[in-house]
Amino acid sequence: MSVPLRPPRRLIEITVDGEAMRVPEGDTLLDACQTAGKDIPTLCYGDTLNPKNACRVCVVEVEGARTLAPACSRKAEPGMVVKTDSERARHSRKVVLELLGSSVDLSTTPNAKEWMAEYGADPARFGEDAATVAEPPKVDNDLYVRDYAKCILCYKCVDACGEQWQNSFAISVAGRGFDATISTEFDAPLTDSACVFCGNCVEVCPTGALSFKNEFDMREAGTWDEERQTQTTTICSYCGVGCNLTLHVQDNTIVKVTSPHDNPVTHGNLCIKGRFGFQHVQNVASDG
Amino acid sequence: MDLRFRDAEPTAEERAVVDALLGAPSSAWDGGERTEFDLRFATQAPRVARDRRDLLLPALHAVNDRVGWISEGALDYICRRLTIPPAEAYSVATFYSLFSVKPRQARMLHVCTDLACAAKGAEAVRRDVEERFGPPGVSWQPSPCLGLCERAPAALAIEAGDPPVNAVYGPCSVGQEWSATTEEPPVEAAVPQTRACRQAPARPAPTAERLAHEGQAPPGEAAQEVSSDDGRSAGPSELVLLRRIGVVDPLSLDDYRATGGYTGLRRAFELGPTGVIREVLESGLVGRGGAAFPTGRKWEATARQLDRPHYLVCNADESEPGTFKDRVLMEGDPFALIEAMTIAGYANGCALGYLYIRGEYPRALQRLENAIVVAKSRGLLGDDILGQGFSFDIEIRRGAGAYICGEETAIFNSIEGFRGEPRTKPPFPVEKGLFGKPTVVNNVETLVNVPHILEMGAAAYAAVGTSSSTGTKLFCVSGTVERPGIYEVPFGATLRDLLDLAGGATGELRAVLLGGAAGAFVRADELDIPLTFEGTRAAGATLGSGVVLVLNDTVELPGVLLRIAEFFRDESCGQCVPCRVGTVRQEEALHRLSKRRSEGDLVLLREVGQAMRDASICGLGQTAWNAVESAIDRLGVFTAKESS
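Top line first, the protein sequences correspond to chains A and B. Each residue of the first sequence is one higher than the one before, starting from 1 at the first, in our numbering. Each residue of the second sequence is one higher than the one before, starting from 1 at the first, in our numbering.
Just so you know, the hints here were simulated from the structure itself, not pulled from any lab data. A couple of the hints might just be wrong.
Covered stretches of chain A, going by a simulated chain B footprint (3 or more residues, C-beta under 8 Å) [as the list claims (entries may be wrong)]:
1) 58-71
2) 79-93
3) 99-105
4) 123-134
5) 177-191
Over the 10 Å line for every Cβ pair with chain A, so calculated as not near, a few chain B residues [as the list claims (entries may be wrong)]:
6) W178
7) F428
8) G457
With a straight-line cut-off of 25 Å between C-alpha atoms, the simulated PhoX-like cross-links for lysine-lysine are [to be verified]:
9) B:K437 / A:K75
10) A:K138 / A:K273
11) A:K83 / A:K38
12) A:K213 / A:K138
13) B:K437 / B:K425
14) A:K113 / A:K83
15) B:K432 / A:K75
16) B:K425 / A:K83
17) A:K138 / B:K102
18) A:K94 / A:K75
19) A:K113 / A:K38
20) A:K213 / A:K273
21) B:K425 / A:K75
22) A:K38 / A:K94
23) A:K94 / A:K83
24) B:K425 / A:K94
Idealized CB from N, CA, C, for every residue including glycine.
Taking the hints into account, I'd like the entire structure generated from these sequences.
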């Protein structure tokens, strides 16, 4: 698999945490920080999507700026002096994690626990009466579940469903402010909506609010165990496009399908067949 | 685009109002009846329709105005007509508080419960309405500031129908009759200063040379030099922006021209676009919407952009609680805004300007619509204005109840038919604004200054006020004060001067909220703060949009703070976490604090407030905590300093 090279870009000089470095023009501060080996938490950032910079957990301090800058979307400019670990940046990250942790169920969000510990975030400080986005999971089809109690409104599913990838536009953000939710028109069930069940929203969801029905049921039953899972990347056999599938296998059964985001053809996107059409692989004929 | 719909059908009425706005559909491809031809051939109609996504908001208004709410059938029909996915149209419709996607009564009463009205007893009115009409949402709802603060407590009834009927009430009282027809007082009732000066309408003295050039008769004895003798006095003879309010008929272009109207535009054509920008730069005019950015610099940067077309957006989405100056300008002197926009369009190389007015201003809307029609019929708008070869048109867009749409990039999304969420800056509007093109966004009051600058010349304009705050400023005085209303004073007058002009506070003055919900409180012993951008900044406050909300000792401050927090929680668009959740957590903490003092909750307020200020996307989240913070720090609310 070959990844096409990008045309060469001019290098510009910036300073990250006191160290001068040169980064290609057009790179974001997040790119630069990752190059410099800085660990910056991200939630709404998606490697296959345009940054929405809604979660504000990746903020860094840029010298001379009145407010903090979202590293995921702010482009590096010559002479920028960036502090990734300043008091102000750490404070905002901590509060953002507390605000999310107190309103959203982050139990299936990768890294959330580690970040909470690193920034000393204490979501419980807002008290037991703090408003949450809790609501029962929406199970309206056999393929995937929408558990919006885990939704941080990062807009990634909306972007993946809409103009950035699938062009189905089945879901969008409805309502305003704290009451905003991801919704179909008039909260119709997915089966009545424009959803084509490609599962590309599930692929980009950073919190597990969207998950395979399979995974949802196994988590409910307590049998979901990522430690016991293997991942095998193969090629989808349904058509000639050649999408890559990563099969997540637990106890010799496919439990989830993802796709490598660095695949130059599909960038992590699949169709309903590649994403959900794996049952035939493990059907065992009853009559032998 | 492959759209999928459920089986909801529009009613004949819904279909008719949408067609009245968009014209009849050309084929099944854009919402018409399906014919044999449509089954065999595709047309360009959907692509053409898709480029008019900006008609989504007007289409939603059309249905809401006629029926009172937006049904799934109506929404789907709009989507078919404009080729918009129904989920997206639904997301837009649910963004605005004046729209409902659930059935409700045709007549909705919006009872203002915001700061200025609360200080004058709005809570009792709200309770009375709730007792008589039941829980909110069906026939009435509490409302953020309606911009009727001089008549507080106020209410607005919007009755859907053909045509929709609006009624404005204020001051309201318990047991109030909410009859369909009310006589709204004339706009000058909101301008106490005009009553004093109606006999001698002041206007700047045009120079003899300019008059000769224009072939106009001098205005005679009424003309007075506009300059402040000591920069502090604020006599009625100095009215500049308000000089026509109550003096002219706001529907009459002849009246407007007889009082110096359109001399600014003529002067602009003499100066040329760069000349106009130079005048505005030299005048020192800065934006009056709250951010105080130098207008000339904004114009210079926009005019310079090579990308075409350029757009002008007039921000008339005046929603900062306690602000009603733009309403008064638009209701009392609508042609001035039309002329000012034409000049701004000329200077910035725009062929089209959008006037985005908040949905709660029916009278201002009607007068501006009249002004545009009349100006067009007289060759002052449209093609080849005044025979100068310059063409400019104005489209009005009505907001639908969203404070955030007054943010300079959210207003673009709203006009374009998307949710009114602020965009990330950079890029700034001067580079990529409305429809991704260079755009200049100005507040109503800012624009209305421009014809005066051109009439009197930059130097004369800059001589008024102080060196860094030039000209005059409109202040929205409301709350517990003798004569609430809009006051125009030269920059440099102190808060005390202004309050004296308004007859002083009623009762014992406790505090003044400067700049609105995003502003700051000052104490009764700080009245010598000069009302300039630099003066208020030095005092740790802000002029904001010119709100001066007077609170006496009968007003419960914790209740005011709670209302501010509630306002921001309601009006946060929900895009970024610090603002979406932070405003909720602050409101919760203030609820607790209003019951019992707690150091922990004060720390929590400060920590959340700091993160909102540092990490929110736009000015709403960044300033949402300012007023509450100033009340704690300056007034000692919730702390030991409190002298209650």
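For this session: For the pair we were handed, K94 (chain A) and K83 (chain A), check the Cα-Cα distance against 25 Å.
Result: 16 Å, holds
Exercise. Is the Cα-Cα distance between K437 (chain B) and K75 (chain A) 25 Å or less?
Worked result: 20 Å, holds
Exercise. Taking a Cβ-to-Cβ distance below 8 Å as contact, does the stretch 177-191 of chain A have at least three residues touching chain B?
Worked result: Result for this restraint: holds, n = 9.
Exercise. Are the Cα positions of K83 (chain A) and K38 (chain A) separated by 25 Å at most?
Worked result: 11 Å, holds
Exercise. Just checking, G457 (chain B) versus chain A, shortest CB gap more than 10 Å?
Worked result: Correct as stated: the minimum Cβ-Cβ distance to chain A is 35 Å, above 10 Å.
For this session: For the pair we were handed, K113 (chain A) and K38 (chain A), check the Cα-Cα distance against 25 Å.
Result: 19 Å, holds
Problem set entry | Outcome, coverage hint (the stretch 58-71 of chain A, chain B; C-beta under 8 Å; three residues) | holds (count 4)
Problem set entry | Coverage of the stretch 123-134 of chain A by chain B (three or more Cβ within 8 Å) | Satisfied; 6 residues make the cut.
Exercise. Does the claim that W178 (chain B) lies outside the interface with chain A hold up, using a Cβ gap greater than 10 Å?
Worked result: 27 Å, holds
For this session: Take the C-alpha atoms of K425 (chain B) and K75 (chain A), compute the straight-line distance between them, and say whether it is at most 25 Å.
Result: 11 Å, holds
Exercise. Given the proposed pairing of K432 (chain B) with K75 (chain A), does the C-alpha separation stay at or below 25 Å?
Worked result: 16 Å, holds
For this session: Would you mind confirming whether the straight-line C-alpha gap from K113 (chain A) to K83 (chain A) stays at or under 25 Å?
Result: 24 Å, holds
Consistency note: the structure conflicts with none of the earlier hints.
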